[in-house]
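Q: What follows is the residue order along each chain.
Protein chains: 2
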Amino acid sequence: MNKINVGANFPLYPMPVSLVGALVKDRPNFLAVAWFSRVNLDPPILAVALNKVRHTGVGIQEHKTFSVNIPGTDLVVETDYCGIVSGKEVDKSALFQVFYGELKTAPMIQQCPLCIECKLIQSVSLPTHNLFIGEVEGAYTEERYLTDGKPDMHKMKPFLFIRPDGTYWTLGEKVGEAYQIGKQFQQKR
Amino acid sequence: MNKINVGANFPLYPMPVSLVGALVKDRPNFLAVAWFSRVNLDPPILAVALNKVRHTGVGIQEHKTFSVNIPGTDLVVETDYCGIVSGKEVDKSALFQVFYGELKTAPMIQQCPLCIECKLIQSVSLPTHNLFIGEVEGAYTEERYLTDGKPDMHKMKPFLFIRPDGTYWTLGEKVGEAYQIGKQFQQKR
Numbered sequence: 030m031n032k033i034n035v036g037a038n039f040p041l042y043p044m045p046v047s048l049v050g051a052l053v054k055d056r057p058n059f060l061a062v063a064w065f066s067r068v069n070l071d072p073p074i075l076a077v078a079l080n081k082v083r084h085t086g087v088g089i090q091e092h093k094t095f096s097v098n099i100p101g102t103d104l105v106v107e108t109d110y111c112g113i114v115s116g117k118e119v120d121k122s123a124l125f126q127v128f129y130g131e132l133k134t135a136p137m138i139q140q141c142p143l144c145i146e147c148k149l150i151q152s153v154s155l156p157t158h159n160l161f162i163g164e165v166e167g168a169y170t171e172e173r174y175l176t177d178g179k180p181d182m183h184k185m186k187p188f189l190f191i192r193p194d195g196t197y198w199t200l201g202e203k204v205g206e207a208y209q210i211g212k213q214f215q216q217k218r
Numbered sequence: 030m031n032k033i034n035v036g037a038n039f040p041l042y043p044m045p046v047s048l049v050g051a052l053v054k055d056r057p058n059f060l061a062v063a064w065f066s067r068v069n070l071d072p073p074i075l076a077v078a079l080n081k082v083r084h085t086g087v088g089i090q091e092h093k094t095f096s097v098n099i100p101g102t103d104l105v106v107e108t109d110y111c112g113i114v115s116g117k118e119v120d121k122s123a124l125f126q127v128f129y130g131e132l133k134t135a136p137m138i139q140q141c142p143l144c145i146e147c148k149l150i151q152s153v154s155l156p157t158h159n160l161f162i163g164e165v166e167g168a169y170t171e172e173r174y175l176t177d178g179k180p181d182m183h184k185m186k187p188f189l190f191i192r193p194d195g196t197y198w199t200l201g202e203k204v205g206e207a208y209q210i211g212k213q214f215q216q217k218r
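Going line by line, the protein sequences match chains A and B.
Be aware that the first sequence starts at 30, since it is given in my numbering, and climbs by one per residue.
Be aware that the second sequence starts at 30, since it is given in my numbering, and climbs by one per residue.
By construction, these hints were calculated from the structure, which means they are not laboratory data.
Treat the hints loosely; a few may be bogus.
The list cannot tell twin chains apart, which means a pair is met if one copy fits it or any two copies do.
Here are the simulated EDC-like cross-link-like pairs (lysine to aspartate or glutamate), alpha carbons at most 16 Å apart as the crow flies [unchecked claim]:
#	residue 1	residue 2
1	K93	D177
2	K212	E166
3	K186	E202
4	K32	E166
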């Protein structure tokens, strides 16, 4: 089991895929983003990292709001397209049916099974990226994505992004119950 | 397609699972963490969000280093255990075979297919969590996890964490090539 140092830029882990939305010059713009995470429990806060050259960042800085939309596998082509073309050159506002929540300036995507609107509370400037930290104001789904009132991943069908081959992957199978299977180990010890 | 506002705390998306490591009072400690993301391209930078009550955060603040280890499904029980018990009560240093890289104070896990060591460059204090932002100093894997010199997810077998049921999931199947399938749409338009 000899470890090899494969360098700092070695691809890391399966990343969930989102479409980050913002109003840029009064037009909804959406960007495919795999670098995001929840970062606070109470209140719920998300952080998204956007390359500084990205058009969507302009809108986030202007309105201090953004959305994080989780697409299902039926939107994989449109999602990839939103990562290929820039809102500087192409009007992406017509790609999706857009709706707004409480914040009024965070465009969300009707076709996505889960849409989250955020209010910018802090920005961290990193060398190539801006890390936008936003408090979640609301999350939107539809009855058809729920089972017993809970989000059902078999219905939402989110997908993951993997480097270095640059591929999208579905979720597979359950391998265990969190905060449960670890107790086996606790008992064993 | 009527959207329902399901509240700010609605569970979000499949989260990759890691074990974040730090030296706490000279003892390696590991915590299961699903709230992390890459946040900068060049240099490679990661951010991890840790509840302020967590023992691992003490070590990160002391040594200004930490590790992010990606476990395979064969470590799902140990990983879950590291999320259940606190290093304040249990010595987790004996759970894994530990090694060190360039940084000397970021303990990494021999049993994990991918181990990343980071140097803390910034901390963001949020209400319940600290967001630790670290530049990647090195990443470590083994030949047996590579195919043609590239990381192979079928060999590494990372897993995801999903709320609200609190379950771990494997990766499924490829659904497309990134920066490629979107071109279909571009051509269609």
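Q: Work down the list of hints and note, for each, if the structure agrees.
A: Here is how each hint holds up against the structure:
1. Taking the shortest alpha-carbon separations for K93 and D177, neither the intra-copy value of 35 Å nor the inter-copy value of 45 Å comes in at or below 16 Å.
2. For the identical chains of this complex, K212 and E166 are neighbours neither inside a copy (35 Å) nor across copies (34 Å), given an alpha-carbon limit of 16 Å.
3. Both within a single protomer and between protomers do K186 and E202 lie at most 16 Å apart by alpha-carbon distance, with minima of 12 Å and 12 Å respectively.
4. Taking the shortest Cα distances, K32 and E166 sit within 16 Å of each other only across copies (15 Å), while inside one copy they are farther apart (44 Å).
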